[in-house]
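Enquirer: Starting from the structure of chain L, add chains W and H where the hints point.
The listed protein sequences correspond, in order, to chains L, W and H.
Just so you know, the first sequence maps onto residues 1 to 409 in the numbering used here.
Just so you know, the second sequence maps onto residues 1001 to 1289 in the numbering used here.
Just so you know, the third sequence maps onto residues 2001 to 2282 in the numbering used here.
To be clear, the hints were calculated from the coordinates, so they are not data collected in a lab.
Since we're looking at a predicted model, the values are computed, not measured.
Each hint should be verified, as a subset may be incorrect.
With a cut-off of at most 30 Å between alpha-carbon atoms, the simulated DSS-like pairs for lysine-lysine come out as follows [claimed, not checked]:
#1 H:LYS2054 to L:LYS294
#2 L:LYS165 to L:LYS64
#3 H:LYS2070 to L:LYS318
#4 L:LYS64 to H:LYS2054
#5 L:LYS82 to H:LYS2054
#6 L:LYS100 to L:LYS116
#7 L:LYS334 to H:LYS2054
#8 H:LYS2054 to L:LYS100
#9 L:LYS116 to L:LYS316
#10 L:LYS100 to H:LYS2070
#11 L:LYS203 to L:LYS184
#12 L:LYS64 to H:LYS2070
#13 L:LYS155 to L:LYS230
#14 L:LYS301 to L:LYS359
#15 L:LYS359 to L:LYS296
Label-pair ranges, simulated between beta-carbon atoms [said to hold, decoys possible]:
#16 L:LYS318 to H:LEU2137: 12 to 22 Å
#17 W:LEU1283 to H:GLY2016: 25 to 35 Å
#18 L:ILE364 to H:GLY2016: 54 to 64 Å
#19 W:VAL1091 to H:ILE2044: 28 to 38 Å
#20 H:GLU2134 to L:SER200: 43 to 53 Å
#21 H:ALA2251 to W:THR1204: 32 to 42 Å
#22 W:THR1204 to L:LYS198: 56 to 66 Å
Computed, partial: chain W to chain H, Cβ under 8 Å [to be verified]:
#23 LEU1020
#24 LEU1023
#25 LEU1042
#26 LEU1096
#27 ILE1107
#28 TRP1125
#29 SER1127
#30 LEU1129
#31 TRP1135
#32 THR1137
#33 TYR1170
#34 PRO1202
#35 SER1227
All residues carry an ideal CB built from backbone N, CA and C; glycine is no exception.
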Amino acid sequence: MLDLRKGWVAATVALAMVVGACGSDDESSGGGGGGGNAKATATKGLVDAPDIKAMSSMGKGEGKVNLVAWAGYVEDGSTDPKVDWVSGFEKETGCQVNVKVGNTSDEMVTLMRSGKYDAVSASGDASLRLIAAGDVAPVNTDLISNYNDVFDGLKNKPWNSVEGKMYGIPHGRGANLLMWRSDKIKEDLDSWGAVFEKDSPYKGKITAYDSPIYIADAALYLKATQPDLKINSPYALDQKQFDAAIDLLKQQRGMVGEYWSDYTKAQAAFANGQTQVGTTWQVIANLLEADKVKVKTALPKEGATGWSDTWMISSKAKHPNCAYMWMNHIISPKANAQVAEWFGEAPSNRLSCAETAVKDHCKIFHADDEPYFDQVSYWTTPTKNCGDDRGAVCKDYSEWVQAWTEVKG
Amino acid sequence: MGSAAGAIETTLWRRPRLRLSLLLAGPLGWLVVAYLGSLAVLFVAAFWQLDPFTAEVVREPGLGNFRTLAEGEVYRTIALRTIGIAAAVTVTDAILAFPIALYMAKIATPRVRGLLVVAVLMPLWSSYLVKVYAWRTILQEEGILNWALDPLGLSGPGFGNVATWLVFSYLWLPYMIIPIYAGLERIPQSLLDASDDLGGRPGTTLRRVILPLVLPAVVAGSIFTFSLTLGDYIAPQLVSNTQFIGNVVYQNVGVANNLPLAAAFATVPVVVMIVYLLLARRLGAFDSL
Amino acid sequence: MNLSGSSRWLLRVGTGVTLAFLYLPLLVIALYAFNERRIQTWPIPGLTLEWFGKAIDNPGVRAAIGTSLKAAVGATLFALILGTLAALAVARYRFFGRDAVSFLVILPIALPGIVTGMALNATFREVLSPLGIELGLFTVIVGHATFCVVVIYNNAVARLRRLGGSLEEAASDLGARPLRAFRDITLPQMRSALLAGALLAFALSFDEVIVTTFTAGEDQTLPIWILTNLSRPNQLPIVNVVAVFIIVLSAVPVYVAHRLTREEGAASGAAPAAAGEAVAAH
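Just chain L, with the same shape it has in the complex (with noise of 0.2 Å):
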């Protein structure tokens, strides 16, 4: 909601660059030759990683550990209290957990490179860009117990490792979906056309995901309405696609009544009538349901974008052994099964599938169902690198977030 903090770590960036002439990141200079003709092994990544070790052993908890995380990911019962999984893991280890929301992974990764935090939740938007600025280490997934039983296709993601080497620990995967005031929009939608076209009856009720990667959402409608575009993966846009995403959008910014990215915000917004359909996190609707407003969400036919989110360990974590083992906690099978329900998303355990509350949780939100995720485009950090045949001419995320502020206004 509140970025503040980016100054800061520009600050330090900045004044890393003029300092330290030692030790400088540039070594990726090789990434730009030599991304285009990748030689395209299964596990070669998009980025170039620096080299960083990861823990050998694990020893004592060091009494406390501090995260970065997404709302809803790390609760201690202050939002409510039948919520809560980080008060029994604070008595088991003695490490008292601190956490920080961050609401987009623009803060997220500023957050992570002041070296302050200990862990952070990634989305594989920030994932990359954390690993190849060297502000995470690989994880020693040995020191994990509860990795074993994480779901085979959460794996060796493109987002999560590179060349074999995981760097986090999978929290779970979800979709963003579109959510409708059902008492004031009585059909059931099923379309991303409700908040894009031209003549969509909610003018002015929209709302939209206010973040540069919220362009891959416009990139995946247009992936099923305009297939002459040849939309592959929304995260890799040529100059073409790109603008006809960027055309989209801004024809959309006419017809949006708010944007969000503090979910309290977008939260208020649906219960007092100003917002009546739009990108959501299923947590949003979870409590407004409890709220007692009435809302309805759906995966529209068109796919959606999504995260798979990892947690991922500080570089210069102070408090590493703690770390890791809150990274063990949070993908228990209890603990994972309640994060899973609470935010709305498919946990990475299999085994929490038995934990959850409700039954069929899983079943609803297709935990083990892949061909379902393979609809869900995952946020990825969009580089020059397009992946495929076309070679480096996409757009990387500095256009996008240009191209973001063109959007805007």
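Expert: Okay, now just chains W and H, sitting in the frame of chain L:
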């Protein structure tokens, strides 16, 4: 006092320059070296570039970022919007502040004056964030303002530029009232009596005597309303969809790692403020702070 | 000035309107401190006192208020020292660059908060980290003092100019050394101006959020606590309760300071002039 201390004091007494340097060493040392120094380092980054292939900052000086800003229409729009609303807020606050300041300075009894000063200062103590959220509740679609205007068949501005202007005018109003009040208080009663004796009506006295004398104070207050609006980006996010300069600066640092562009854009408000401060000094505002 | 009755009434109305404008949102805050639901919708669905209890029980709030108080006191003291030093230099001596000092002192507060914050953060990381001083309460205090100095400085300069140096000269003629002259002559005369400035510096530091974010380590001042809790959906009413509590409490020091500064006749201009420095918490 020991003789060592005595000796030091005598030396100090004999050497005014030494005294001066000691006095200035602390404050200036901090401000010039630490503050200005780090500002300089920060703005050096504005001349660097972001390599799109590696997404790393390349320390080669160039004007690329400034070119991007100059060519991009959206940056102009955002800068103009920020400066424009800052100006509008300043004018609004000056107008809103004047009556109450005049009342406090010239008409109120000392006791009422005291109470009014307290009343004007108290809103400053409540948290900025909470105040902005309260305004959200007032301005939102089914909010207090629309509810109040509905029977009249009108509706409020909702969120947007107007809302931002309203909220900022509200937030900085006490910072305009107090300097104007102080400025009006400084005007000796004798001048006003003289104006009356010479046959001036209150309106003329106001125009010819009071306004010119209080102008430096108004400018002093305006420094704060202008600079605070210029640098803010929290309120725009909460009560509008539009972007201020600060929002863009933020967005470019982070996953984008485009510190050079962010620093380049941040020079805009800094330059504007420095120019404004120089103008304000010329108008005598620094003596009326 | 002889204003006609109708003009006086107009001014009264204008004053009333402005006061209403100033206090309406505060009333909204107070109202929503009793909100039954967590989201601020209008009309308010129902009233409850539960948030008051939750606020009192909340350890985070208490810690945050404590941190804010400590930071504000520290910042005010620092600002008092630096501001008085600079003011003495500017008011009592002539030197090259004298005008520039006023300009320099006002910069931290006139420039956008994000810029000041970034600059200070850079300095702390480069200079203090190698010395082993991490971001924390100390850096918050120094950061706040940087933009609070102007408040003290302006008051002090204004007062020193008004006083002239004659009493000090008389004192040194009588054999007082500089430090003694300062302590016994100058300081007592400046006291009310400094007090008013200190009060405003305190207020400034107490509600500051942007620069604090850049200079705080893991410590949470009250505004940072509020910031964190505003983005958690279910803490908004507690935040409202805290805000109301602070407003009500603040009436006391403001009133006290006003009484203190009012007692000195010449100072009646100083209190508002001092208050004139009430610069934003940014």
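Enquirer: For the hint on PRO1202 of chain W, does the least C-beta distance to chain H fall short of 8 Å?
Expert: With Cβ-Cβ at 5 Å, under 8 Å, it holds.
Enquirer: Checking one constraint from the list: CA of LYS165 of chain L to CA of LYS64 of chain L, max 30 Å. Satisfied?
Expert: Holds, at roughly 27 Å.
Enquirer: Does LYS294 of chain L lie within 30 Å of LYS2054 of chain H when you go C-alpha to C-alpha?
Expert: 28 Å, holds
Enquirer: For the restraint on TRP1125 of chain W, tell me whether the closest CB of chain H is nearer than 8 Å.
Expert: 4 Å, holds
Enquirer: Does the interface hint hold: is LEU1023 of chain W within less than 8 Å of chain H, judged Cβ to Cβ?
Expert: For LEU1023 of chain W, the interface hint holds, since the closest Cβ of chain H sits about 4 Å away, which is under 8 Å.
Enquirer: Please verify whether LYS334 of chain L and LYS2054 of chain H have alpha carbons no more than 30 Å apart.
Expert: Distance ~29 Å between LYS334 of chain L and LYS2054 of chain H Cα, so the pair holds.
Enquirer: Taking 30 Å as the top limit, are the C-alpha atoms of LYS100 of chain L and LYS116 of chain L close enough?
Expert: 11 Å, holds
Enquirer: Need the status of pair LYS64 of chain L, LYS2070 of chain H: alpha-carbon distance at most 30 Å?
Expert: 24 Å, holds
Enquirer: Measure nothing beyond the straight line between the CA atoms of LYS82 of chain L and LYS2054 of chain H; if it is 30 Å or shorter, mark the hint as holding.
Expert: Cα-Cα ~16 Å, so holds.
Enquirer: Check whether the Cα positions of LYS100 of chain L and LYS2070 of chain H lie no farther apart than 30 Å.
Expert: Within the cut-off at roughly 23 Å; holds.
Enquirer: For the restraint on SER1227 of chain W, tell me whether the closest CB of chain H is nearer than 8 Å.
Expert: OK, holds: SER1227 of chain W within 8 Å of chain H, min 5 Å.
Enquirer: Tell me if the beta carbons of ILE364 of chain L and GLY2016 of chain H are separated by a distance inside 54 to 64 Å.
Expert: Since the Cβ atoms of ILE364 of chain L and GLY2016 of chain H sit about 58 Å apart, the hinted range of 54 to 64 Å holds.
Of the hints listed earlier, there is not a single one the structure fails to meet.
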